[in-house]
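Make a model of the complete structure from these sequences and hints.
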Amino acid sequence: MELSKETLTKIEEVIPRYPEKRSAALMVIHLVQDELGFISDETCSWIAEKLEIEPINIKELITFYPMLRETPWAKKHIRVCRTLPCALRGSYGTCKILEDKLGVKEGHVREDGEFSIEFMECLADCGEGPVVMVGEDTYENIEGKNAESFADLLVQEKLDTSKDFTSYENGLVSKSPVSKPTKKK
Amino acid sequence: MIKKNTPQERRIILKHADDPKYSNKIGCYLKNDGYSMLKKAFKMKPEEIGEEVLKSGVRGRGGAGFPAGMKWKFLDRKSGKPIYLICNADESEPGTFKDRQIMHKDPHQLIEGMMIAAYAIGAKQAFIYIRAEFFKGAHILEEAIAEAKEKNFCGDKILGSSYSCDLVVHRGAGAYICGEETGLIESLEGKRPNPRIKPPYFPAVLGLYQCPTIVNNVETLCNVKHVLEIGGEEFAKIGKPNNTGTRIWCVSGQVQKPGYYEFECGALTLGEMIYDVCGGLLPGRTLKAVIPGGSSSKILRADERFSGKLKDGSDFDWGIEDIPLDFDGPASVGSMSGSGGIIIMDDTVDMVEAMANINAFYAHESCGQCTPCREGSLWMKKITKRMCEGDARHEDADLLLSVANQIEGRTICAFGEAAAWPTQSFIAKFRNEFEEKAKNGKNKPSLQLI
Numbered sequence: 006m007e008l009s010k011e012t013l014t015k016i017e018e019v020i021p022r023y024p025e026k027r028s029a030a031l032m033v034i035h036l037v038q039d040e041l042g043f044i045s046d047e048t049c050s051w052i053a054e055k056l057e058i059e060p061i062n063i064k065e066l067i068t069f070y071p072m073l074r075e076t077p078w079a080k081k082h083i084r085v086c087r088t089l090p091c092a093l094r095g096s097y098g099t100c101k102i103l104e105d106k107l108g109v110k111e112g113h114v115r116e117d118g119e120f121s122i123e124f125m126e127c128l129a130d131c132g133e134g135p136v137v138m139v140g141e142d143t144y145e146n147i148e149g150k151n152a153e154s155f156a157d158l159l160v161q162e163k164l165d166t167s168k169d170f171t172s173y174e175n176g177l178v179s180k181s182p183v184s185k186p187t188k189k190k
Numbered sequence: 005m006i007k008k009n010t011p012q013e014r015r016i017i018l019k020h021a022d023d024p025k026y027s028n029k030i031g032c033y034l035k036n037d038g039y040s041m042l043k044k045a046f047k048m049k050p051e052e053i054g055e056e057v058l059k060s061g062v063r064g065r066g067g068a069g070f071p072a073g074m075k076w077k078f079l080d081r082k083s084g085k086p087i088y089l090i091c092n093a094d095e096s097e098p099g100t101f102k103d104r105q106i107m108h109k110d111p112h113q114l115i116e117g118m119m120i121a122a123y124a125i126g127a128k129q130a131f132i133y134i135r136a137e138f139f140k141g142a143h144i145l146e147e148a149i150a151e152a153k154e155k156n157f158c159g160d161k162i163l164g165s166s167y168s169c170d171l172v173v174h175r176g177a178g179a180y181i182c183g184e185e186t187g188l189i190e191s192l193e194g195k196r197p198n199p200r201i202k203p204p205y206f207p208a209v210l211g212l213y214q215c216p217t218i219v220n221n222v223e224t225l226c227n228v229k230h231v232l233e234i235g236g237e238e239f240a241k242i243g244k245p246n247n248t249g250t251r252i253w254c255v256s257g258q259v260q261k262p263g264y265y266e267f268e269c270g271a272l273t274l275g276e277m278i279y280d281v282c283g284g285l286l287p288g289r290t291l292k293a294v295i296p297g298g299s300s301s302k303i304l305r306a307d308e309r310f311s312g313k314l315k316d317g318s319d320f321d322w323g324i325e326d327i328p329l330d331f332d333g334p335a336s337v338g339s340m341s342g343s344g345g346i347i348i349m350d351d352t353v354d355m356v357e358a359m360a361n362i363n364a365f366y367a368h369e370s371c372g373q374c375t376p377c378r379e380g381s382l383w384m385k386k387i388t389k390r391m392c393e394g395d396a397r398h399e400d401a402d403l404l405l406s407v408a409n410q411i412e413g414r415t416i417c418a419f420g421e422a423a424a425w426p427t428q429s430f431i432a433k434f435r436n437e438f439e440e441k442a443k444n445g446k447n448k449p450s451l452q453l454i
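Those protein sequence lines, which keep their order, are chains A and B. Once you know that position 181 of the first sequence is 186 in my numbering, the rest is easy, because the numbers rise by one and skip nothing. Once you know that position 77 of the second sequence is 81 in my numbering, the rest is easy, because the numbers rise by one and skip nothing.
These are calculated hints, taken from the structure and not from any lab test. Where is the CB? At the ideal position from N, CA and C, for every residue including glycine. A few of these clues could be false.
What the hints assert, rightly or not - Simulated restraints, written as ranges between beta carbons of each label pair:
no. : chain 1 : residue 1 : chain 2 : residue 2 : range
1   : A       : 58        : B       : 160       : 26 to 36 angstroms
2   : A       : 157       : B       : 390       : 32 to 42 angstroms
3   : A       : 154       : B       : 51        : 52 to 62 angstroms
4   : A       : 42        : B       : 390       : 32 to 42 angstroms
5   : A       : 11        : B       : 375       : 36 to 46 angstroms
6   : A       : 18        : B       : 286       : 45 to 55 angstroms
Claimed, not checked - When the alpha-carbon atoms are kept at most 16 angstroms apart in a straight line, the in silico EDC-like pairs for lysine to aspartate or glutamate are as follows:
no. : chain 1 : residue 1 : chain 2 : residue 2
7   : A       : 15        : A       : 39
8   : A       : 81        : A       : 157
9   : B       : 140       : A       : 39
10  : A       : 15        : B       : 146
11  : B       : 195       : A       : 59
The following block contains the structure:
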């Protein structure tokens, strides 16, 4: 297992923030997973040693928390919110459209490793559902025809430059109002 | 008919959030009088701040609605152990998305509120436990903390005083149970977030590292700043007695304008929220049901009548639209205002499907520590899913109810209730739909929810 200098520095920075080393477990796992994509048994042992605990103490976290992984997601990981408020705005349809257009079932990674989809629980943006996250960016009101063009742009790798879809996070910078006064079908 | 004026928002917490000229940088915050309340706090004695918060009557905005000042009073100060402050920023109750707005758009407000609270309770260190899905939110908070440290608003010897308190951002990893305060504490200790049994593990006595700990919600901690600004007694005049201050209501589901709206507690009714503020239902639809306080709260049927006695002894007789939006309104009709997440459902919703959706959530999120919850939540999911797949049986409603009743009150934490209440209330209010399913199970609803 090899980690970049940058990640190693960040790990050394994070651990002393806590009164007890073990508390840094989730933060260290996040840093390692951000770089490697998943946490192998070897990685578990490495992290455990860093925090002066047993490998099982890391393994039990990886196997509990939904966002920690024993196998990697794809290069582009898509999270679609499944929970009731998004479902009431059509997220099951959105997930199906994404599955069809990206050629991969939810919970799976496409064979070429390009796309994976996760139909996951509440993303805490319920007023703008259905909510879809691409990597770390949150896209809102992705439904019906809108979801189809969204999926097309994803496949064509044109989502980042598209004017039709601004993520919640980018909206903060450009200050386009996130909660719009009028909209919806 | 005279139409009443549309109720007006009163934005205290979200005052700047959507101002296009406002940014989440410290320069902008300072220009808007930011950190002046922290300066004021440092001229007061810590216990005086606690008194103001107590006088303000501000109740926790995370779900339980427990008075924040009272929570602080429970701190065990005799043990001599260090005291910790934790901000619960896990925002995991389905239907809730208010803390997201505060942390992404106005992070310094939270930091100022937290540092005032930390000083008031004498915390040695403070943490923000933020849900991992807020990737950007965690970055924004870390940057904001670095800015605040540079200006000496947190960290070592704050504002030149002898008081130091570091503030650390800690990311969760997608587990709903981390919103439960003792589960959150376990998670922050680097363990599985299995909630602790109370007693003895009340965080104010035995919290993080078995030390006295205060866990408050994001919106609650922001309120601390405004309590100092407005004054405890004056703050208590905002809203209604026992329901003081403003609340950020998060409306989702089938209305024209879902979103977050900040109102004085009790300033409007559920009906005014749905029809005046949120622009009513989608065209051609009628209201079927409302979940008033996040998915754990008990569902209300649109055509119900609610009557009884209020806390002040007066009688009430309400339709769903008359329920006042505050802490006590939804509670007096047998539900709760919880985290402020109002989920609206119209006549296109098949209630068994909606139930199955909610059950799938709780089955996924049970931590598995207590058998009734771990097994029960899974069975409720399996039964409702089977019902939606065309294999409903006449006895299913009673079966579901019996499972839910065997979870409630038999678990270490309130997740058991959170998982049982939806099923109990759906069956109580919509039993006919569950029984119909057995007869017409093959009819697929137009809106898929499971």
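CB of residue 157 (chain A) to CB of residue 390 (chain B), is that within 32 to 42 angstroms?
-> holds (36 angstroms)
Consistency of beta-carbon spacing, residue 286 (chain B) to residue 18 (chain A), with hint 45 to 55 angstroms = Between residue 18 (chain A) and residue 286 (chain B), where Cβ atoms are some 49 angstroms apart, the hint holds.
Distance restraint between residue 81 (chain A) and residue 157 (chain A), which requires alpha-carbon spacing of 16 angstroms or less | holds (14 angstroms)
For the pair residue 58 (chain A) and residue 160 (chain B), does the Cβ-Cβ distance stay inside 26 to 36 angstroms?
-> holds (29 angstroms)
Mind checking the alpha carbons of residue 15 (chain A) and residue 39 (chain A) for me, to see if they're no more than 16 angstroms apart?
-> Since the Cα atoms of residue 15 (chain A) and residue 39 (chain A) sit roughly 12 angstroms apart, the hinted pair holds (cutoff 16 angstroms).
Going straight from one Cα to the other, do residue 15 (chain A) and residue 146 (chain B) come out at no more than 16 angstroms?
-> holds (13 angstroms)
Take a quick look at whether residue 195 (chain B) and residue 59 (chain A) sit within 16 angstroms of each other, Cα to Cα.
-> Holds, because 12 angstroms separates the two Cα atoms, which is no more than 16 angstroms.
Between residue 154 (chain A) and residue 51 (chain B), does the C-beta distance stay in 52 to 62 angstroms?
-> Holds: the Cβ-Cβ distance is about 59 angstroms, inside 52 to 62 angstroms.
For the pair supplied as a hint, residue 140 (chain B) and residue 39 (chain A), is the alpha-carbon distance within the 16 angstroms limit?
-> Between residue 140 (chain B) and residue 39 (chain A) the Cα gap is close to 14 angstroms, so the pair holds against 16 angstroms.
Is it true that the C-beta distance of residue 11 (chain A) to residue 375 (chain B) lies inside 36 to 46 angstroms, as the hint says?
-> For residue 375 (chain B) against residue 11 (chain A), whose Cβ atoms are near 45 angstroms apart, the range 36 to 46 angstroms holds.
Cβ distance range 32 to 42 angstroms for residue 42 (chain A) and residue 390 (chain B), holds or violated = holds (36 angstroms)
Hint check: no violations occur; every hint is consistent with the structure.
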